[in-house]
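Quick mapping for you: the protein sequence lines, in order, are chains E and W. The letter at position 134 of the first sequence is residue 134 when you use my numbering, and the numbering goes up by one with no holes. The letter at position 139 of the second sequence is residue 139 when you use my numbering, and the numbering goes up by one with no holes.
Quick caveat, the hints were computed from the structure, so don't treat them as lab data. Be careful, since some hints might not be right.
What the hints assert, rightly or not - Stretch-level coverage of chain W by chain E, calculated; a stretch enters the list once three of its residues show a Cβ under 8 Å from a Cβ in chain E: (1) 24-35; (2) 99-112; (3) 177-186; (4) 199-212.
What the hints assert, rightly or not - When the alpha-carbon atoms are kept at most 16 Å apart in a straight line, the in silico EDC-like pairs for lysine to aspartate or glutamate are as follows: (5) E/28 x W/161; (6) E/216 x W/190; (7) W/32 x E/161; (8) W/36 x W/72; (9) W/216 x E/190; (10) W/36 x W/78; (11) W/176 x W/189; (12) W/216 x E/189; (13) E/216 x W/191; (14) E/36 x E/72; (15) W/216 x E/191; (16) W/176 x W/191; (17) E/28 x E/74; (18) E/216 x W/189; (19) W/176 x W/190; (20) E/162 x E/141; (21) W/162 x E/33; (22) E/176 x E/191; (23) W/28 x E/161; (24) E/187 x E/161; (25) E/111 x E/91; (26) E/187 x W/46; (27) E/162 x W/33; (28) W/187 x E/46; (29) E/32 x W/161; (30) E/187 x E/172.
No residue lacks a Cβ here, since even glycine has one placed at the ideal position from N, Cα and C.
Protein chains: 2
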Amino acid sequence: MSQGKSKKNYLVPEPALRRMPCYLAYLKLARKEGLKHISSTLIARDMGVDPTQVTKDLSYTSIVGKTRVGYEVEPLIDELESFLGFTVVDEAYLFGVGSLGRALLHDHGLKQFGLKVVAAFDVNPDVVGRKIGGVPIYHFDEFKNMSNSGVQIGILTVPVDKSQYVASSMIEGGIKAIWNFTPVRIKVDDDVVVQNTSLYAHLAVMFNRLKSNNAKMLK
Amino acid sequence: MSQGKSKKNYLVPEPALRRMPCYLAYLKLARKEGLKHISSTLIARDMGVDPTQVTKDLSYTSIVGKTRVGYEVEPLIDELESFLGFTVVDEAYLFGVGSLGRALLHDHGLKQFGLKVVAAFDVNPDVVGRKIGGVPIYHFDEFKNMSNSGVQIGILTVPVDKSQYVASSMIEGGIKAIWNFTPVRIKVDDDVVVQNTSLYAHLAVMFNRLKSNNAKMLK
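Next comes chain E alone, as it looks inside the complex (with noise of 0.2 Å):
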């Protein structure tokens, strides 16, 4: 099994765990300045955030910081990589090897933060039994063979109007977790894990919010 114990099992409020992230990109820009301490207040004021908030994100993590100290920079780093589930790499199935599907195989960064590639479905001759960035792609009917593997990671990138079909696909296979794609709200049972990541849909509040700016110019 690809779940290591480092994956942390506690439910973290979205908002703390996006931020987490952004701490950890933080922290290593510290680490690499020669910081070896750091307190949440000078967190917070680097980050744009409350010094509280800092204290409270970072306390789902074990890390504890020390009065007039403040945290440790290495163990902090270490904890919350850990905590985040970036040291375990876990094993994700791709379905859809379309402009986005192809994007993602080409994405090493992903293995980097835990997630690596293990094959990719598609019905498209052109790309079915060819390798993108390493990455095999299988025909989608071969799924059902691979399925219950041990992989619980799929990442849907099928166009429009196979998204729920595929997606149910996925689950049957014995996916828990879709890293959804696509601009569709698929339905799964409850315990299954959907996380959208539309990249259109932050594209399209980039625009509306550079109009709005625009415009006020223009005032």
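Please arrange chain W on chain E, whose structure you already have, making use of the hints.
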């Protein structure tokens, strides 16, 4: 100028904006199934949201649903695409052709949603002078000669320790909106838009939820 009139200038609440691409995907499926009209109740039921929220979200567009008939599917799709800025193509520069940057250059899906990367910048001699996904890669030093060219959007995919420096240079060079894929909270003036999209933060949330579910199963 690439900013067309069809990109509306209203400042729409972010949660509503993020849901809109989901409505769009849903409506395209409905159109495929031959539906000409659709009610907010049906949209709400299928997407698992509240009907009043659907009505409110869609009210930011210029399309109004009719009593008993509901929304006309085709005009609502057109309006949403235009409203979200997906019909007008904005040009963008990409900074940092590492693993993720490279992946994004391969993602032609972005263009479909209104974003065209016209040039990328890096300092690595292995990629400078090459093209990836049809996009020419220049040395970062050349950016100052290409800045203030009307390109307002910059995609930030540089290493963590370069994020703030590159972001500041982007802004000096006329970039007005930064799509930040790094986990660094970059500091910018109020008139610059920052859209944070940390894939690895989403990954951390998914890992945490999966571990939590796995732990529950063992109980």
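A quick look at each hint next to the structure:
{"no.": "1", "hint": "24-35", "in the structure": "holds (count 6)"}
{"no.": "2", "hint": "99-112", "in the structure": "holds (count 10)"}
{"no.": "3", "hint": "177-186", "in the structure": "holds (count 6)"}
{"no.": "4", "hint": "199-212", "in the structure": "holds (count 14)"}
{"no.": "5", "hint": "E/28 x W/161", "in the structure": "holds (9 Å)"}
{"no.": "6", "hint": "E/216 x W/190", "in the structure": "holds (12 Å)"}
{"no.": "7", "hint": "W/32 x E/161", "in the structure": "holds (9 Å)"}
{"no.": "8", "hint": "W/36 x W/72", "in the structure": "holds (6 Å)"}
{"no.": "9", "hint": "W/216 x E/190", "in the structure": "holds (12 Å)"}
{"no.": "10", "hint": "W/36 x W/78", "in the structure": "holds (13 Å)"}
{"no.": "11", "hint": "W/176 x W/189", "in the structure": "holds (10 Å)"}
{"no.": "12", "hint": "W/216 x E/189", "in the structure": "holds (15 Å)"}
{"no.": "13", "hint": "E/216 x W/191", "in the structure": "holds (9 Å)"}
{"no.": "14", "hint": "E/36 x E/72", "in the structure": "holds (6 Å)"}
{"no.": "15", "hint": "W/216 x E/191", "in the structure": "holds (10 Å)"}
{"no.": "16", "hint": "W/176 x W/191", "in the structure": "holds (7 Å)"}
{"no.": "17", "hint": "E/28 x E/74", "in the structure": "holds (9 Å)"}
{"no.": "18", "hint": "E/216 x W/189", "in the structure": "holds (15 Å)"}
{"no.": "19", "hint": "W/176 x W/190", "in the structure": "holds (10 Å)"}
{"no.": "20", "hint": "E/162 x E/141", "in the structure": "holds (14 Å)"}
{"no.": "21", "hint": "W/162 x E/33", "in the structure": "holds (13 Å)"}
{"no.": "22", "hint": "E/176 x E/191", "in the structure": "holds (7 Å)"}
{"no.": "23", "hint": "W/28 x E/161", "in the structure": "holds (9 Å)"}
{"no.": "24", "hint": "E/187 x E/161", "in the structure": "holds (14 Å)"}
{"no.": "25", "hint": "E/111 x E/91", "in the structure": "holds (9 Å)"}
{"no.": "26", "hint": "E/187 x W/46", "in the structure": "holds (9 Å)"}
{"no.": "27", "hint": "E/162 x W/33", "in the structure": "holds (13 Å)"}
{"no.": "28", "hint": "W/187 x E/46", "in the structure": "holds (9 Å)"}
{"no.": "29", "hint": "E/32 x W/161", "in the structure": "holds (9 Å)"}
{"no.": "30", "hint": "E/187 x E/172", "in the structure": "holds (13 Å)"}
The structure is consistent with each of the numbered hints, conforming to all of them.
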